[in-house]
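Peer 1: Chain residues, written in single-letter form:
Number of protein chains: 2
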Amino acid sequence: MLGAMQDFELRVMHLLDHAAREHGQRDIVSYWADGSETRSNWAGVERDARRMAKGLTALGLKKGDRVATLAMNHGRHLVSWYGAIGAGGVIHTVNPRLFEDQLEYIMNHAEDRVLLYDAMFQPIIDKMKSRWTTIEHYICYDPPKGSDVQGFEDFLDQYDNDFAWVDGDEREPCMLCYTSGTTGNPKGVLYEHRSTMIHALAEIQPAVFDFSPASVALPVVPMFHAAAWGIPFASAAAGVKLVYSAVNDPAVLTMLMNREEVTHSAGVPTVWLALFQHMDATGEKPEHLNVVTIGGSAAPRAMCERIMKMGCRVNHAWGMTETSPIGTMGAPIQGWDALSLDEQLDIVTKQGKVPFGVELRVLDDDDNVQPRDGKSSGRLQIRGPWVVKRYFKAEEDAVTEDGWFDTGDVAVIHPDNVMQITDRAKDVIKSGGEWISSVELENAAVGMAEIAEAGAIGLPHPKWDERPLLVVVPAAGTSLSKDQVLEYLSDKVAKWWLPDDVAFVSELPHTATGKILKTALREQFKDHKLPTI
Amino acid sequence: MLGAMQDFELRVMHLLDHAAREHGQRDIVSYWADGSETRSNWAGVERDARRMAKGLTALGLKKGDRVATLAMNHGRHLVSWYGAIGAGGVIHTVNPRLFEDQLEYIMNHAEDRVLLYDAMFQPIIDKMKSRWTTIEHYICYDPPKGSDVQGFEDFLDQYDNDFAWVDGDEREPCMLCYTSGTTGNPKGVLYEHRSTMIHALAEIQPAVFDFSPASVALPVVPMFHAAAWGIPFASAAAGVKLVYSAVNDPAVLTMLMNREEVTHSAGVPTVWLALFQHMDATGEKPEHLNVVTIGGSAAPRAMCERIMKMGCRVNHAWGMTETSPIGTMGAPIQGWDALSLDEQLDIVTKQGKVPFGVELRVLDDDDNVQPRDGKSSGRLQIRGPWVVKRYFKAEEDAVTEDGWFDTGDVAVIHPDNVMQITDRAKDVIKSGGEWISSVELENAAVGMAEIAEAGAIGLPHPKWDERPLLVVVPAAGTSLSKDQVLEYLSDKVAKWWLPDDVAFVSELPHTATGKILKTALREQFKDHKLPTI
Chain A
1 MLGAMQDFEL
11 RVMHLLDHAA
21 REHGQRDIVS
31 YWADGSETRS
41 NWAGVERDAR
51 RMAKGLTALG
61 LKKGDRVATL
71 AMNHGRHLVS
81 WYGAIGAGGV
91 IHTVNPRLFE
101 DQLEYIMNHA
111 EDRVLLYDAM
121 FQPIIDKMKS
131 RWTTIEHYIC
141 YDPPKGSDVQ
151 GFEDFLDQYD
161 NDFAWVDGDE
171 REPCMLCYTS
181 GTTGNPKGVL
191 YEHRSTMIHA
201 LAEIQPAVFD
211 FSPASVALPV
221 VPMFHAAAWG
231 IPFASAAAGV
241 KLVYSAVNDP
251 AVLTMLMNRE
261 EVTHSAGVPT
271 VWLALFQHMD
281 ATGEKPEHLN
291 VVTIGGSAAP
301 RAMCERIMKM
311 GCRVNHAWGM
321 TETSPIGTMG
331 APIQGWDALS
341 LDEQLDIVTK
351 QGKVPFGVEL
361 RVLDDDDNVQ
371 PRDGKSSGRL
381 QIRGPWVVKR
391 YFKAEEDAVT
401 EDGWFDTGDV
411 AVIHPDNVMQ
421 ITDRAKDVIK
431 SGGEWISSVE
441 LENAAVGMAE
451 IAEAGAIGLP
461 HPKWDERPLL
471 VVVPAAGTSL
481 SKDQVLEYLS
491 DKVAKWWLPD
501 DVAFVSELPH
511 TATGKILKTA
521 LREQFKDHKL
531 PTI
Chain B
1 MLGAMQDFEL
11 RVMHLLDHAA
21 REHGQRDIVS
31 YWADGSETRS
41 NWAGVERDAR
51 RMAKGLTALG
61 LKKGDRVATL
71 AMNHGRHLVS
81 WYGAIGAGGV
91 IHTVNPRLFE
101 DQLEYIMNHA
111 EDRVLLYDAM
121 FQPIIDKMKS
131 RWTTIEHYIC
141 YDPPKGSDVQ
151 GFEDFLDQYD
161 NDFAWVDGDE
171 REPCMLCYTS
181 GTTGNPKGVL
191 YEHRSTMIHA
201 LAEIQPAVFD
211 FSPASVALPV
221 VPMFHAAAWG
231 IPFASAAAGV
241 KLVYSAVNDP
251 AVLTMLMNRE
261 EVTHSAGVPT
271 VWLALFQHMD
281 ATGEKPEHLN
291 VVTIGGSAAP
301 RAMCERIMKM
311 GCRVNHAWGM
321 TETSPIGTMG
331 APIQGWDALS
341 LDEQLDIVTK
351 QGKVPFGVEL
361 RVLDDDDNVQ
371 PRDGKSSGRL
381 QIRGPWVVKR
391 YFKAEEDAVT
401 EDGWFDTGDV
411 AVIHPDNVMQ
421 ITDRAKDVIK
431 SGGEWISSVE
441 LENAAVGMAE
451 IAEAGAIGLP
461 HPKWDERPLL
471 VVVPAAGTSL
481 SKDQVLEYLS
491 DKVAKWWLPD
501 DVAFVSELPH
511 TATGKILKTA
521 LREQFKDHKL
531 PTI
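One line per chain: the protein sequences are A and B, in this order. Residues in the first sequence are numbered from 1 upward in steps of one, following our numbering. Residues in the second sequence are numbered from 1 upward in steps of one, following our numbering.
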C-alpha cells in the first residue's frame with residue numbers, strides 16, 4: 001500500500017521557481033573585477049536562466065551535457081548554474097587556480113561542451129584552448145569593450161524567456177565538481193538533483209547556515225569551490241538576498257557588507273585573517289554581520305574568538321567536495337548564552353555535529369568502530385544522501401562494502417557527538433606507534449603573534465619512525481628563533497609532540513584551494529636532517 | 001544518465017535513529033494527568049520504540065496496518081508514533097473530543113487493529129468497544145493501580161529492543177489523520193514517509209519552527225490534532241528537547257516552561273488566552289520562551305501584540321490536516337528589528353508565506369487566478385509534496401485536474417507574497433454581490449475588552465442577499481449593549497460590514513478542535529429576524 005500525497009520530484013529548478021515567485025524582489029548584487037556593479041534579483045535570475053537555457057538548447061545542448069564555468073562570484077555565474085541545469089545540463093564549476101595539466105585533464109574528462117568565463121581568465125583560455133578537446137562554445141561574462149569574444153549578455157539578448165525547464169528523474173545529475181587532490185588525477189563528484197535538494201533543505205536550518213528571508217549573505221567562498229558550499233541552492237530555498245564580489249579585497253568586502261546590510265558570510269580561514277588586518281588598519285568593521293561560517297580548513301581558536309567578540313556566531317564547518325559539502329557544523333547548544341566565552345570556544349573550535357541526513361563513524365587500523373569518547377582517533381567515514389557513492393566515470397564505487405565513504409581525515413568524536421578533525425590521514429605524524437596531529441601542531445603554532453603560517457610534517461627517525469618538523473613563516477617585521485617557538489609551544493601541546501626542529505621560510509606551498517600542500521613541503525624538506533638523529 | 005550519490009530512502013525511522021545517536025541525552029519530559037512526571041530522552045524513545053515495534057509484530061501487525069491512539073501529549077504517545085511506524089504500521093491519532101458517531105465511523109473506516117489510550121478516556125472505550133469492529137488489542141498508557149487492562153509499560157516489558165525497523169519504499173504510508181469536517185463523514189489523510197520527511201526538513205528552518213539543538217519545545221497542540229503539526233518528526237530531525245503535558249492547565253504549563261527552560265511553544269489561540277489570564281492572576285510568566293507558534297485558527301492582533309511584548313517572536317501559521325499541516329508561516333523579514341511594533345503586527349497578523357515546497361494560488365468564481373495585490377480575494381488552492389492527493393480509500397483524487405487542492409478557505413495574497421485568510425468559503429457573508437469576511441468581523445469584535453468570543457454569520461436579507469449577525473459572548477462580569485458593540489466596531493471595519501444585529505449568548509458551539517461551529521450557529525439563529533428587514 002502506498003500513500004496518496006502529491007507527486008513532486010526533488011528537482012533543483014523548483015528552488016529557482018520558488019525564489020522568483022515568493023522572494024522575487026530580493027536583490028542579487030554583483031561587484032565586478034573592474035569595480036563596477038550590477039544588480040538583479042531572484043525574479044531576474046529566473047528570467048535570465050530561462051533565456052540562457054533556451055540559448056543552450058539552441059546551441060544543441062542535450063540532457064546530461066556538461067557546461068563549464070571558470071569564474072569568480074557574481075550574479076551571471078549564479079544565472080549560469082540555474083540556466084545550465086534548467087536546460088537539462090550539468091553545471092561544472094572549474095577552479096581557475098588549478099595547474100594547467102589539471103585544467104586539461106578535468107575539462108577533457110568532463111567533456112564540457114560550453115565554457116563560460118570571466119575576462120580575467122582570458123589568458124588561461126588562450127593558453128588552454130588547443131588542449132581542450134570537447135569545448136564548442138566560449139562565452140565571456142564581462143568582455144572588454146571592443147573585444148570580439150561572445151559576451152554573456154549579448155548571448156542572452158538573442159533569446160526570450162519562453163522556456164520550460166527540462167524535467168526528468170530526481171536522480172539525474174545537475175552538477176559536477178572535481179576534487180583538487182594532492183596526488184593522482186582529480187576525481188569528479190556528480191551531484192544529483194535529489195542529493196542537492198535534500199542538502200539544500202538541510203543547510204538552511206538554524207544549526208547549519210540559519211538562512212531565512214531575513215538573511216543577507218555575502219559568500220566569500222568561491223563558486224568554484226566544493227559546489228560553493230551549496231549556498232546558491234540553499235539561498236533560493238530560503239529566500240536569501242545575495243551579495244557577490246568578484247574580488248576578495250577586504251576593503252570591498254567590508255564596504256559591501258555595510259552598505260547591503262550583510263548578516264551572513266562564509267569563507268575559508270584566510271579570508272577572515274585578511275578582514276582582521278583591514279579592520280585593524282582602518283577601524284572599519286562589518287556592522288550587521290551575525291553568522292560567520294568558516295570551513296575549508298580548521299579555524300584557529302584565536303580567529304573564532306575574535307569573530308565571536310565582534311558579536312557574531314561562528315559556524316565552524318567540516319565537509320568536502322564528496323559530501324556536497326556539508327558534513328558537520330558547529331552550532332549553539334541549549335543554554336549557550338550562559339556559557340563563558342572559553343566554554344563556547346571549546347565547542348566552536350571543534351568541527352561540530354552532523355545535521356540530519358549524514359552519519360559519521362571513526363575506525364581504527366583494524367576497522368573497529370571507535371567509541372565516541374573524545375580520545376579514540378582513527379579514520380573518519382561518512383554516509384548519507386548527499387555523500388558520493390561513485391566518482392564520475394569510475395568503474396568502481398568509492399565506498400566500503402557496507403556503504404561508507406572514507407574521508408581521508410583522522411578524527412575523534414566526543415561524548416556530546418561533536419566531531420573533531422585531528423589530521424589528514426596522510427599527514428599524521430607517526431611517532432613511536434602514536435599519532436601526532438600535524439593540524440593541531442600548526443594551529444598551536446599560529447597562535448603565536450610572530451608566526452604568520454606554519455606547516456608540520458613528519459621526517460624519518462631511526463628510533464621513533466617519524467618525528468615532527470615545523471616549518472614556519474614569520475609574521476612581517478618580526479624575528480624569531482627555534483627556541484622561542486619551542487618555548488611558546490611548550491605548554492600548548494604534549495611534550496612528546498614538540499617538534500624536533502623548526503625551519504623558517506618566507507612562504508609555504510599551497511593547493512589551488514589555499515591549503516598547505518604537504519606533498520610539496522615534504523619534497524622540499526626531504527633531505528632535512530633532524531638534530532635529534 | 002543518473003548521478004552517483006548514495007542511496008537513502010526518505011523513511012521516517014531515520015529521524016529517530018538520528019535523534020537517538022546525535023541527541024540521545026536530550027530529555028523527553030512527560031507531565032501526566034495525575035500530576036506525576038516521567039522523564040526519558042531520545043535514546044530512550046528509540047529503545048522503547050524498538051520494543052514496541054517488536055511487540056506489535058508479535059501481535060501480528062503487518063506492513064500498512066493501522067495502530068490508533070486516543071491520548072493526550074506525553075512521551076509514551078511519542079514512543080507509539082515511532083513504534084507503530086517502525087513496525088511497518090501506520091500511526092492513526094484519533095481526537096477524543098469527536099462525537100460518538102464520528103469515533104465509530106473513523107476507527108472502523110481506518111480498520112485500526114490496535115488502540116492505545118489514556119486512562120482518562122476509559123469511559124469512551126467502554127462505550128464504544130462494541131461499535132468498533134476491527135480493534136483486536138487495547139493498551140492503556142497509564143492504567144490505574146489494580147485495574148486489569150493491559151498497561152503500556154507492562155506490554156513493553158515483554159520485549160527487548162533487538163528489532164530492525166521495517167524497511168520499504170519511501171512512498172509507503174506512515175500516518176493517518178482524519179479531518180473533523182463540519183459536514184459529511186470525516187476524511188482520512190494518509191501521509192507518506194517521503195511527504196513527512198520533506199515536511200519535517202522544511203519545518204525546522206528559521207522561517208518556520210526555527211528548531212535546533214538549542215531549542216526546548218513544549219507543544220500544547222495536541223498530538224491528535226493535524227499530525228501534531230509535525231513536531232514529533234521535526235524535533236527529532238533537529239535534536240529538540242521536548243516537554244509534554246497531558247493537561248492544559250496554564251499553571252502547569254508555566255511551571256514546566258520555566259523549570260525546563262522552554263524556548264518554543266505551539267498551540268491554538270485559546271491556549272494563549274488561558275495563559276494570559278494565568279499571567280494576569282499570578283504575575284508569573286514564561287521566562288525563557290522565545291518563539292510562539294499560533295495556528296489552528298487566526299490569531300487576533302491583540303494576542304500577537306501581547307506575546308511580542310513578552311519578547312517572543314510570533315509564528316502565525318496556517319495549514320490543515322490535508323497539508324501535513326504547514327501551509328504558510330509568518331516570520332521576520334529583512335530589517336525586522338527596525339520596524340515599529342505596529343508594522344511588525346501588520347505582518348504577523350496575516351498568515352505568512354509558504355516555505356519552499358508548497359505553492360499557493362487564489363481563484364475567483366470563474367477559476368481565474370487572482371493577482372497578488374492584497375485585494376483580490378477568492379478560493380485558496382495549494383499544491384506540493386506534503387499536500388493530499390487522494391483521501392484514504394477514496395475513489396477519486398481530491399485535487400483539481402491540474403493538481404491543486406482546494407482548501408475551502410477564502411484568501412488574498414499580498415504583493416509581498418504574504419497570504420491572508422479572509423474566511424472559510426462556506427462562512428463568507430455575501431452582501432450585495434460583495435464578500436464580508438466573518439473572520440475579520442470576529443477578530444475585530446474580540447479586540448473589545450468586554451467581548452470574550454464572537455461569531456459572525458450571514459442571515460438572509462431581501463435586498464442584500466445576506467447581512468451579518470454578530471453573536472457575542474460577553475466577558476465575565478461585564479454588561480454590554482448592541483450599540484456599544486457597533487460603536488466599538490465603527491472604526492475597525494468598513495461601514496457596510498457593520499452587523500445588522502448583535503445577539504448575546506453565554507457560549508458558542510465549537511468543533512472538536514475548538515473552532516466555532518458555524519453550521520450549529522446558523523441552525524440556532526435560523527429564525528432570527530434582522531431589524532433591518
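No wet-lab data here; the hints were simulated from the structure. Where a beta carbon is used, it is the ideal one built from N, C-alpha and C, also for glycine. A few of these clues could be false.
[Said to hold, decoys possible] What follows is a set of in silico ranges between Cβ atoms, one per label pair, in the way DEER data are often shown: (1) B:A33 - A:D416: 46 to 54 Å; (2) A:D365 - B:M308: 54 to 62 Å; (3) A:D337 - B:D249: 23 to 31 Å; (4) B:M308 - A:V252: 34 to 42 Å; (5) B:D101 - A:L2: 28 to 36 Å; (6) B:S36 - A:D367: 42 to 50 Å; (7) B:D416 - A:T282: 36 to 44 Å.
[As the list claims (entries may be wrong)] The following residues of chain A were derived to be distant from chain B, with all beta-carbon distances above 12 Å: (8) Q6; (9) P206; (10) S212; (11) A236; (12) S376; (13) N417; (14) D483; (15) A494; (16) D527.
[Said to hold, decoys possible] Chain B is faced by these chain A residues, among others (derived, beta-carbon under 8 Å): (17) L2; (18) L15; (19) G151; (20) D154; (21) F211; (22) W386.
Peer 1: Would you mind marking each hint as holding or not holding in the structure?
Peer 2: Status of each hint after checking the structure:
| no. | hint | verdict |
| --- | --- | --- |
| 1 | B:A33 - A:D416: 46 to 54 Å | violated, 34 Å |
| 2 | A:D365 - B:M308: 54 to 62 Å | holds, 57 Å |
| 3 | A:D337 - B:D249: 23 to 31 Å | holds, 30 Å |
| 4 | B:M308 - A:V252: 34 to 42 Å | holds, 38 Å |
| 5 | B:D101 - A:L2: 28 to 36 Å | holds, 30 Å |
| 6 | B:S36 - A:D367: 42 to 50 Å | holds, 47 Å |
| 7 | B:D416 - A:T282: 36 to 44 Å | holds, 37 Å |
| 8 | Q6 | violated, 5 Å |
| 9 | P206 | violated, 4 Å |
| 10 | S212 | violated, 4 Å |
| 11 | A236 | violated, 8 Å |
| 12 | S376 | holds, 17 Å |
| 13 | N417 | violated, 5 Å |
| 14 | D483 | holds, 45 Å |
| 15 | A494 | holds, 30 Å |
| 16 | D527 | holds, 43 Å |
| 17 | L2 | holds, 5 Å |
| 18 | L15 | holds, 7 Å |
| 19 | G151 | violated, 31 Å |
| 20 | D154 | violated, 31 Å |
| 21 | F211 | holds, 7 Å |
| 22 | W386 | holds, 6 Å |
In the structure shown, a violation is registered for the earlier hints numbered 1, 8, 9, 10, 11, 13, 19, 20, in ascending order.
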